[in-house]
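Given these sequences and hints, build the entire structure.
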Amino acid sequence: MLFSMSISMFSQTINDLKINEMLIDNVDNFADEYGRHVPWVEIFNSAYNSVNVAECFLTNDTTGLYNGSGVKNWYRIPKGDPLTLIAQRSFVVFYMDNVPKYGTFHVNFDPSLPGSSNYVALISSNGKTLIDIFEFPEILRHSSQSYGYFTDGIEEKEDENGNMVSNKVFLDYFTPGSTNFVDEGLTKAEKVQARDKYGFGLAIIAMVTVFSALAVIYLLMKIFGKVARTKFKLRKTKVPNTLKKESQGNVEEEDITGEESAALSLALHLYFTNQHEKESGIITIDSSSAHFSPWSQKHLVLKQVNRKR
Amino acid sequence: MGFFEFFRDGVLQFLSYTGFANCEIGNIIMILVGIVFIALAIVKEYEPMLLIPIGFGIIIGNIPFVDGLQIGVYENGSVLNYLYFGVLKGVYPPLIFLGIGAMTDFSALISNPKLILIGAAAQLGIFGAYIIALFLGFAPTDAASIAIIGGADGPTAIFLSSKLAPSLMGAIAISAYSYMALVPVIQPPIMKLLTTKKERLIKMRPPRVVSHREKVLFPLMCILLTAFLVPSGLPLLGMLFFGNLLKESSVTKRLATTASGPMIDIVTILIGLTVGASTQASTFLRVESILIFGLGAASFVIATAGGVCFVKIFNLFLKEGNKINPLIGNAGVSAVPDSARVSQVEGLKYDKTNYLLMHAMGPNVAGVIGSAVAAGILLSFLY
Numbered sequence: 001m002l003f004s005m006s007i008s009m010f011s012q013t014i015n016d017l018k019i020n021e022m023l024i025d026n027v028d029n030f031a032d033e034y035g036r037h038v039p040w041v042e043i044f045n046s047a048y049n050s051v052n053v054a055e056c057f058l059t060n061d062t063t064g065l066y067n068g069s070g071v072k073n074w075y076r077i078p079k080g081d082p083l084t085l086i087a088q089r090s091f092v093v094f095y096m097d098n099v100p101k102y103g104t105f106h107v108n109f110d111p112s113l114p115g116s117s118n119y120v121a122l123i124s125s126n127g128k129t130l131i132d133i134f135e136f137p138e139i140l141r142h143s144s145q146s147y148g149y150f151t152d153g154i155e156e157k158e159d160e161n162g163n164m165v166s167n168k169v170f171l172d173y174f175t176p177g178s179t180n181f182v183d184e185g186l187t188k189a190e191k192v193q194a195r196d197k198y199g200f201g202l203a204i205i206a207m208v209t210v211f212s213a214l215a216v217i218y219l220l221m222k223i224f225g226k227v228a229r230t231k232f233k234l235r236k237t238k239v240p241n242t243l244k245k246e247s248q249g250n251v252e253e254e255d256i257t258g259e260e261s262a263a264l265s266l267a268l269h270l271y272f273t274n275q276h277e278k279e280s281g282i283i284t285i286d287s288s289s290a291h292f293s294p295w296s297q298k299h300l301v302l303k304q305v306n307r308k309r
Numbered sequence: 310m311g312f313f314e315f316f317r318d319g320v321l322q323f324l325s326y327t328g329f330a331n332c333e334i335g336n337i338i339m340i341l342v343g344i345v346f347i348a349l350a351i352v353k354e355y356e357p358m359l360l361i362p363i364g365f366g367i368i369i370g371n372i373p374f375v376d377g378l379q380i381g382v383y384e385n386g387s388v389l390n391y392l393y394f395g396v397l398k399g400v401y402p403p404l405i406f407l408g409i410g411a412m413t414d415f416s417a418l419i420s421n422p423k424l425i426l427i428g429a430a431a432q433l434g435i436f437g438a439y440i441i442a443l444f445l446g447f448a449p450t451d452a453a454s455i456a457i458i459g460g461a462d463g464p465t466a467i468f469l470s471s472k473l474a475p476s477l478m479g480a481i482a483i484s485a486y487s488y489m490a491l492v493p494v495i496q497p498p499i500m501k502l503l504t505t506k507k508e509r510l511i512k513m514r515p516p517r518v519v520s521h522r523e524k525v526l527f528p529l530m531c532i533l534l535t536a537f538l539v540p541s542g543l544p545l546l547g548m549l550f551f552g553n554l555l556k557e558s559s560v561t562k563r564l565a566t567t568a569s570g571p572m573i574d575i576v577t578i579l580i581g582l583t584v585g586a587s588t589q590a591s592t593f594l595r596v597e598s599i600l601i602f603g604l605g606a607a608s609f610v611i612a613t614a615g616g617v618c619f620v621k622i623f624n625l626f627l628k629e630g631n632k633i634n635p636l637i638g639n640a641g642v643s644a645v646p647d648s649a650r651v652s653q654v655e656g657l658k659y660d661k662t663n664y665l666l667m668h669a670m671g672p673n674v675a676g677v678i679g680s681a682v683a684a685g686i687l688l689s690f691l692y
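Residue numbers (this note's numbering), protein chains in the order written: chain A, 1 to 309; chain B, 310 to 692.
Do not rely on the hints blindly, as some may be mistaken.
Derived DSBU-like pairs (lysine-lysine); straight-line CA-CA distance at most 35 Å [unchecked claim]:
1) A:K226 - B:K661
2) B:K507 - B:K628
3) B:K423 - A:K226
4) A:K168 - A:K191
5) B:K398 - A:K226
6) B:K506 - A:K222
7) B:K398 - B:K501
8) B:K353 - A:K226
9) B:K398 - A:K188
Here are some chain B residues the structure puts well away from chain A; computed CB gaps all over 10 Å [claimed, not checked]:
10) F312
11) T327
12) I334
13) V345
14) M358
15) F374
16) S387
17) S476
18) P498
19) S559
20) K621
21) I678
Rather than coming from a laboratory, the hints here were simulated on the basis of the structure. This structure is a prediction, so every number in the text was calculated from the model and none was measured. Note that CB positions come from ideal geometry on N, CA and C, so glycine has one too.
What follows is the structure in structure tokens.
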């Protein structure tokens, strides 16, 4: 059961991987560690925990996907490379240069070759589960722009008419290894200042919010307090008449002074702090022997030095 | 090279590594500030549990040394840097809030819930200081971090400034804790100025007995309301009410004791020491720091005035016998329990039988909730 749980948890996290951006016609763009300009594809971890992409497959030919027979042709991402562990909301780039001997991130296919398909697929380590497939238009083979999701990992967006359309676009900036969304605008704080130069708006909104939050608590506590007091009164009416008469004769219902409160508090404090807990009823005799521990004996823990006689 | 040359070079090299060789006037000034903090804590007993760690931290942070030895609080890999991580990433403040929650008795507030509104009114100091800081030319994130000093809540100030303006955090934390220690000096003149003698003599009804069920439900209700309204305040509010539930549930006594005892003590030591150590002369002795101190004072004054004036206005709508003594208005600024103690002392000055402490604790703890909510709002707008 534990094994099946771990498998399902693994598959849940690996499913958060998305093929996010790619470039095929790499003339003078992003270079690999050998300085070559080759096609590349970016994988995005959309999860909020690290995901290891090792042992998954990358391919541009999904033949044999559902019976697992395609694994021999696909590029299996090697395990043991710490760089295959993708941190939360982070990215990793693979070079599609058909030279896998160049390292972990160099796959065994090249989408720029004639006859190649128009997609790249990421398949889980069992060779049967498709994690993500990224289709691209033919024009990308000759485009100087990369192609990917406008917002990282988000496949669809709503258009002006409310219809869901693809979120894939030709991106204005190449962003291998980083977010596709490049915000050239102001920061959140700068936007606030642009609309509210001296902070009066924010101050008013914030004060109203603080008051609202605490006012709601006030109202709820008031209602709850009334209910509690009503219950208390109801209980009070159930007191036997004889006791009620006695209490009416002795106690006058009026507010007590601060000094009286302090005196009562002190008396109660002394009463509660001085009282004993429930005794066990068993008497034991504790012998008054000195506590001995060999660890505290100097002659036992220090090495004896031989002395010449 | 002869032995004497070797000996001379060795001594000179050793001397170049000592604090004496690297000392600057800024270090001396900051060390003196640290000593003043310690003296205030020991002699005057102003917030000793905060001022002693901070004061000693200031001394530690301003001992001059050669860069690159992984010693200083800002040097990656140093022990102080690891401890400072808890400040920088906002780990310590929520833990302190957990302890505060486990120590706080909300009975005064539950028995007289209208006092909670004073805690909201006193947050005026935060937003008043925010406006002034923007007028002075501070960026909105810096202005918000400085303004939160008016919340009179050290952990909240550190939490917000660690997110919005980490470079100003040292000055903001020192300013916040300094003014919290100076609450007995700052607040009484404002309270006196804004109240009449008749108002100061108002006697409030003794608080009613609060049932166990009410005490248990209070943190649950508060967390649901405040966190849904301001989710960005969750780290502080969540821990505050969680700590309170540990205390009030009465079945998790050990957890409540740990949160309100050893744990909060450890975190207080770490936060005080590292915040103090972060005030290195090179980053602290700037004109900005002086402005921060000035704005901190302004926010405290506005917050106190806001609380007192709100009570005066509120009294216009309350029946005779239900009126609130405006001397507890100052307690809305948080600074638990010092500002409530100020209300008590001021109240006794005018009527020896008028004990305001229990009443002042209501707005006092409401101020903690209010300042955490205010910090959440500022975060949601600016972060």
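**Report entry** Assertion that S559 (chain B) lies farther than 10 Å from chain A (Cβ)
**Finding:** holds, 15 Å
Query raised in the report: Would the pair K423 (chain B) and K226 (chain A) pass a check requiring their Cα atoms to be no farther apart than 35 Å?
Result: holds, 13 Å
Query raised in the report: Has the given pair, K398 (chain B) with K226 (chain A), been kept, meaning a C-alpha gap of at most 35 Å?
Result: violated, 43 Å
Report task. Beyond 10 Å from every chain A Cβ: check whether that's true for S476 (chain B). Result -> holds, 15 Å
**Report entry** Restraint status (C-alpha distance of K507 (chain B) to K628 (chain B) at most 35 Å)
**Finding:** holds, 16 Å
Requested in this report: Mind verifying the non-interface call on M358 (chain B)? Its CB should be farther than 10 Å from each CB in chain A.
Outcome: Correct as stated: the minimum Cβ-Cβ distance to chain A is 24 Å, above 10 Å.
**Report entry** Minimum Cβ-Cβ distance from I334 (chain B) to chain A exceeds 10 Å
**Finding:** About 35 Å separates I334 (chain B) from the closest Cβ of chain A, which puts it past 10 Å; holds.
Query raised in the report: Does K506 (chain B) pair with K222 (chain A) here, judged by a C-alpha cut-off of 35 Å?
Result: At roughly 30 Å apart (the allowed maximum being 35 Å), K222 (chain A) and K506 (chain B) satisfy the hint.
**Report entry** 35 Å limit on alpha-carbon distance, applied to hinted pair K353 (chain B) and K226 (chain A)
**Finding:** It is violated: about 45 Å lies between the C-alpha atoms, which goes past 35 Å.
Requested in this report: Take a quick look at S387 (chain B) and tell me if its Cβ sits farther than 10 Å from every Cβ on chain A, holds or violated.
Outcome: holds, 25 Å
Query - F374 (chain B) non-interfacial with respect to chain A [C-beta, more than 10 Å] - result: For F374 (chain B), whose nearest Cβ neighbour in chain A is about 34 Å away, the distance exceeds 10 Å, so it holds.
Query raised in the report: Given the hinted pair K398 (chain B) and K188 (chain A), is their alpha-carbon gap at most 35 Å?
Result: holds, 20 Å
The structure does not agree with the numbered hints 5, 7, 8 and 21 stated previously, though it agrees with the rest.
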